[in-house]
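There are 4 protein chains.
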Amino acid sequence: MRKIVVGVIGDSEIYNKEELIFAEKLGEELAKKGYIIITGGRTGVMEAVSKGAKKAGGLSIGVLPSACKEEANPYVDIPIPTNLGWARNTIVPLAADVVIAIGGRAGTLIEMCYSWIYNKPIIGVIGFGGWSEKLAGKRIDDRRQDVIYPAKTVKDVLQIMERLIKTL
Amino acid sequence: MRKIVVGVIGDSEIYNKEELIFAEKLGEELAKKGYIIITGGRTGVMEAVSKGAKKAGGLSIGVLPSACKEEANPYVDIPIPTNLGWARNTIVPLAADVVIAIGGRAGTLIEMCYSWIYNKPIIGVIGFGGWSEKLAGKRIDDRRQDVIYPAKTVKDVLQIMERLIKTL
Amino acid sequence: MRKIVVGVIGDSEIYNKEELIFAEKLGEELAKKGYIIITGGRTGVMEAVSKGAKKAGGLSIGVLPSACKEEANPYVDIPIPTNLGWARNTIVPLAADVVIAIGGRAGTLIEMCYSWIYNKPIIGVIGFGGWSEKLAGKRIDDRRQDVIYPAKTVKDVLQIMERLIKTL
Amino acid sequence: MRKIVVGVIGDSEIYNKEELIFAEKLGEELAKKGYIIITGGRTGVMEAVSKGAKKAGGLSIGVLPSACKEEANPYVDIPIPTNLGWARNTIVPLAADVVIAIGGRAGTLIEMCYSWIYNKPIIGVIGFGGWSEKLAGKRIDDRRQDVIYPAKTVKDVLQIMERLIKTL
Chain L
1 MRKIVVGVIG
11 DSEIYNKEEL
21 IFAEKLGEEL
31 AKKGYIIITG
41 GRTGVMEAVS
51 KGAKKAGGLS
61 IGVLPSACKE
71 EANPYVDIPI
81 PTNLGWARNT
91 IVPLAADVVI
101 AIGGRAGTLI
111 EMCYSWIYNK
121 PIIGVIGFGG
131 WSEKLAGKRI
141 DDRRQDVIYP
151 AKTVKDVLQI
161 MERLIKTL
Chain W
1 MRKIVVGVIG
11 DSEIYNKEEL
21 IFAEKLGEEL
31 AKKGYIIITG
41 GRTGVMEAVS
51 KGAKKAGGLS
61 IGVLPSACKE
71 EANPYVDIPI
81 PTNLGWARNT
91 IVPLAADVVI
101 AIGGRAGTLI
111 EMCYSWIYNK
121 PIIGVIGFGG
131 WSEKLAGKRI
141 DDRRQDVIYP
151 AKTVKDVLQI
161 MERLIKTL
Chain S
1 MRKIVVGVIG
11 DSEIYNKEEL
21 IFAEKLGEEL
31 AKKGYIIITG
41 GRTGVMEAVS
51 KGAKKAGGLS
61 IGVLPSACKE
71 EANPYVDIPI
81 PTNLGWARNT
91 IVPLAADVVI
101 AIGGRAGTLI
111 EMCYSWIYNK
121 PIIGVIGFGG
131 WSEKLAGKRI
141 DDRRQDVIYP
151 AKTVKDVLQI
161 MERLIKTL
Chain E
1 MRKIVVGVIG
11 DSEIYNKEEL
21 IFAEKLGEEL
31 AKKGYIIITG
41 GRTGVMEAVS
51 KGAKKAGGLS
61 IGVLPSACKE
71 EANPYVDIPI
81 PTNLGWARNT
91 IVPLAADVVI
101 AIGGRAGTLI
111 EMCYSWIYNK
121 PIIGVIGFGG
131 WSEKLAGKRI
141 DDRRQDVIYP
151 AKTVKDVLQI
161 MERLIKTL
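Residue numbers (the working numbering), protein chains in the order written: chain L, 1 to 168; chain W, 1 to 168; chain S, 1 to 168; chain E, 1 to 168.
One chain only, chain L, in its complex shape (with noise of 0.2 Å):
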């Protein structure tokens, strides 16, 4: 059996402290339960992510926009650069099983709607603002039944994962 692989999406500048907490937070109990992550590789969510996941031994992806391995986080295990610019949005979602956005501006909002026309479940955080509240328990549009699971806490991202990777 495969590592179920978790993409972990959110902006790149957050300056909302208590937003990073959480990504940390997550990034570390999804790395204790042996999920590997992969993010942008960049700065505030995704470093926060990849920060709480080498927190607890997990092992963490980034895929970069630029053509350097520079631009990863240092808490990047495994920097892929791509230089496709924005395009590389399309690569986490595909490389996900489940995808979990953060807040988040357009670059965000490109990675949801790539994971729900790959058909990714995607769960939606509430509480920091952004287009993972805005549209939590909503459908970007008619092709899916489901919708972008709504998640105040960590543990509520914990608990909606559990289910949706039985499906899988």
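Be aware that one or more of the hints could be misleading.
Identical copies go unnamed one by one, so any copy, or any two together, can satisfy a pair.
In silico EDC-like pairs for lysine to aspartate or glutamate, Cα to Cα no more than 20 Å straight-line [said to hold, decoys possible]: (1) LYS166 - GLU70; (2) LYS32 - ASP77; (3) LYS17 - ASP142; (4) LYS33 - ASP77; (5) LYS3 - GLU71; (6) LYS138 - ASP77; (7) LYS3 - ASP77; (8) LYS134 - GLU71; (9) LYS166 - ASP146; (10) LYS51 - GLU133.
Just so you know, the hints here were simulated from the structure itself, not pulled from any lab data. Because the structure is a prediction, the values reported are computed rather than measured.
On the provided structure of chain L, position chains W, S and E as indicated by the hints.
For chains W, S and E alone, kept in the frame of chain L given last:
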């Protein structure tokens, strides 16, 4: 001076005849103005726009997700197969000077977001639902000061276009 | 019937004036035949070909690695920025009906290989060194029965083109 | 310190049993050294390398052209579907610190060229024909001073690797 390139984005599956009539009329009017049209090259809105452009003797380019020119609708003058799957949704926004969204599901929303990130002016058509209507008059995130300009009629679109082009 | 699209590939840095004259003359002759020209949109061979096409009133498209239309040489009619870095080298071969290689380093060789994989006829110009010369008359691998057709003069290229186009 | 990532590239269709034995042995030895292996994730050389890595308890990543994890061979630990078609050939070179080519047709040659452009050291295996042999000891173009380092045995590859890694 290079010719203005207008990106028109929207769904490949349209069940509302009015929407197709709108798209065709828009394509015709844009072509009359001498604008080059770029779309995703497939069915639905994309086909209707190119059909209209063809009627007026205009030029339309279709940037396709597959590797096959045959995927292009019959009104595309220059099909550009990319074999990039939905990552091709990054290209129409980049090639366009102005982007016009008509309705649309997740794929169109991706193109609206790329347009937003790459700082292209966006016109959002109102009247056929979809993401162009949901986001008309709004911002996708706070990194830009302008909004997705709402337009109800083809005439509206053309008037906004005229104004936007002066700022390019 | 769609117009024939000819991909012309070659280096962005050319120090041999004869090579640029060849490329410009080729662009002019291709445009006279009514073919649409597609290149990587940058300097060197790409610029010379578009310059020639412009002289004859033809249309040339430039598929750029960056996100900026300004990267295009001044003779490109329709710049298509992709922000895909060198992954954009997959697109000219896909959009072309026939590919003509003039000289070239690693980037041109990539485009020759993509042309080979996507089953596009390739003409390899002899006389200016580079990969077009090294591979002229040869196969890149054994999956195709044809070869990279060698051409010494612009006239050669045009004659081979005529023959190839009949088989499309 | 990040772990060294080794890209191994080669054909998906291999009819020479010795070549597969070589690739498997190489994967095993690379994994024993603690290197992470990244390949195109498919059959042939890619599968043999991951099989060897698995035997030694190593980690291998497979960057796939399609959108389906199922395309990965059974020994890939982390499949990364890209849905980019053959444009995915740009990613293994970018993610690798060192690239090892075994045989190979046009697709492998594309990866060798991207490795060259992105300035990654390349080891070219001799003994099984293909582009790794044709280019061993040579330069793809004049922009680099080094060559594609020729290696006849797995031991050769490992020795060259050791030397190259000191320069990273």
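Each hint, compared with the structure:
1. LYS166 - GLU70: between (37 Å within a copy, 18 Å between copies)
2. LYS32 - ASP77: For LYS32 and ASP77, both the intra-copy (16 Å) and inter-copy (18 Å) Cα distances are at most 20 Å.
3. LYS17 - ASP142: Answer is between: at 19 Å across copies they meet the 20 Å cutoff, but 35 Å inside does not.
4. LYS33 - ASP77: This pair counts as both: shortest intra-copy Cα distance 17 Å, inter-copy 17 Å.
5. LYS3 - GLU71: Only across copies: LYS3 and GLU71 sit 16 Å apart there, 26 Å inside one copy, limit 20 Å.
6. LYS138 - ASP77: Neither: 34 Å inside a chain and 33 Å across chains, both beyond 20 Å.
7. LYS3 - ASP77: both (16 Å within a copy, 8 Å between copies)
8. LYS134 - GLU71: neither (29 Å within a copy, 35 Å between copies)
9. LYS166 - ASP146: within (15 Å within a copy, 44 Å between copies)
10. LYS51 - GLU133: neither (23 Å within a copy, 39 Å between copies)
Checked against the numbered hints above, the structure breaks hints 6, 8 and 10 and satisfies the rest.
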